[in-house]
Every structure is written in C-alpha cells, then in structure tokens.
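J.: The primary structure of each chain is shown beneath.
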Amino acid sequence: DVKVTQSSRYLVKRTGEKVFLECVQDMDHENMFWYRQDPGLGLRLIYFSYDVKMKEKGDIPEGYSVSREKKERFSLILESASTNQTSMYLCASSRSRDLNSPLHFGNGTRLTVT
Amino acid sequence: DQQVKQNSPSLSVQEGRISILNCDYTNSMFDYFLWYKKYPAEGPTFLISISSIKDKNEDGRFTVFLNKSAKHLSLHIVPSQPGDSAVYFCAARLRLSNFGNEKLTFGTGTRLTIIP
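Just so you know, the protein sequences line up as chains W and S, in that order.
If you want the numbering used here, it's the 1-based position in the first sequence plus 31.
If you want the numbering used here, it's the 1-based position in the second sequence plus 191.
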C-alpha cells in the first residue's frame, strides 16, 4: 500500500512566521502535489513536482513556495504566514509511468494562522 | 474559473436507495475522470475512475457515467449504505506530457449523508 505521510496533523502559527509543511511518500512516485481544502472551494492545487528539483505552479501559488531535494520528500513553505492561509493542506503523490495511476493522499495538516 | 463543478453541496439519501452525485466540467482536454471519497480528518481516497473514451465504468456498488457531449459525469451508488456517508469529490485530469506528467483539477465536493 502506498503511504503518504504528512509530518504534522495540526499546526498553529503566528502571522508573519515562516512555516514548513513536510510530506514523504514511500512508493518511489515521480509526481507529488500540494493542495489546500477550504469549505465551498474544494481542493485547489498550490504547487506540484514531476521530479527532483523540479516544480510547477498550480492554480493558487501566491504566498507559497516548495522544495523537492529528494524524490520521496516534497515540502511546502509559507514564506510569511497570513490568516488567509488558515486551511487544511493535503499532500499527494502518483506514479507517472502508470498512465492511470490515481493520486494517493496523506491525511492532511490543519494549519491555523493567528 | 472553476473548470470542474459539483453544484450540489449536500445530498441525503435513504439507506438502500440509489445515490447519484453529479459533476460538470468545461475543459474538453480532460482525458480521465476520478471520484474520491473523503472522511473527516482523513485524506481523500480514490474510489473509481473513467477514461474519456468510455461512457461507463462499474465497480461493485459504484458506477460512473460519462457524457462527453454534455461534459457531465455522475457517480451512482447502489444500494447506499451508512458507511458511504462522506464528502465526494470529482476530479478531472489534464495530461501535460507523454511522460506521465499530469494535473488534477477537483470539484468543490458533495457531502453525502445516508439516512438509516
């Protein structure tokens, strides 16, 4: 079974802090993704990566950056946290060689910015 | 601009009856569609999918129908069970290259409640 692990289930940070959300997958997947889930807005793609050191902007990248130094690890960085970044953050991975491989999600990190 | 829409935020269905969840999309380049199920405090889990070259895919109690001309897909659950109560997201895939790079766009979700 694919396992996608997000390091924290709950985080509380102050406005202006730099925040790191970590995600690790154990199935040697090439593709990794960061989404945020908000009521009434569904899942929105922040950033994604197809390979080590590669990154692509998703639909709402503003205020975020990412890092992929190793294939299994994909980090989301909030450079200066703001209250509108309070949300549920979901990491996912998929295998690019299998054309119909679905995304596998972690259990999410609920971030509160005060 | 929401390219994948689920117009019903919630749906209640009696146990044993059919649940029908709907999803509309606007981008004709989407080539693959998926349904995910999400329980509170958990990540979404994959449920069923359909390729754009098909119009129906069935897996046990779950069937997905695709109407390409209407840009509409639906998920049917028969019979509905209490454990089906969850939020359901439809998602549409855009292939970005021949090497498997992809991007999934999700709908806003429908909360399904099965009434015992």
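Watch out, some of these pointers could steer you wrong.
Keeping only pairs whose Cα atoms sit at most 30 Å apart, straight-line, the calculated DSSO-like set for lysine-lysine is [to be verified]:
| id | chain 1 | residue 1 | chain 2 | residue 2 |
| --- | --- | --- | --- | --- |
| 1 | W | Lys-34 | S | Lys-294 |
| 2 | W | Lys-44 | W | Lys-34 |
| 3 | S | Lys-294 | W | Lys-86 |
| 4 | W | Lys-49 | S | Lys-294 |
| 5 | S | Lys-196 | W | Lys-101 |
| 6 | W | Lys-88 | W | Lys-101 |
| 7 | S | Lys-259 | W | Lys-84 |
| 8 | S | Lys-196 | W | Lys-86 |
| 9 | W | Lys-49 | W | Lys-101 |
| 10 | S | Lys-294 | W | Lys-84 |
| 11 | W | Lys-84 | S | Lys-245 |
| 12 | S | Lys-196 | W | Lys-88 |
| 13 | S | Lys-196 | W | Lys-34 |
| 14 | W | Lys-101 | S | Lys-294 |
| 15 | S | Lys-294 | W | Lys-102 |
Read the hints as simulated data drawn from the structure, not as lab findings.
What you are looking at is a predicted structure, and each value in this text was computed from that prediction instead of being measured.
J.: Which hints, by number, does the structure contradict?
T.: Hints 5, 7 and 11 contradicted; others consistent.
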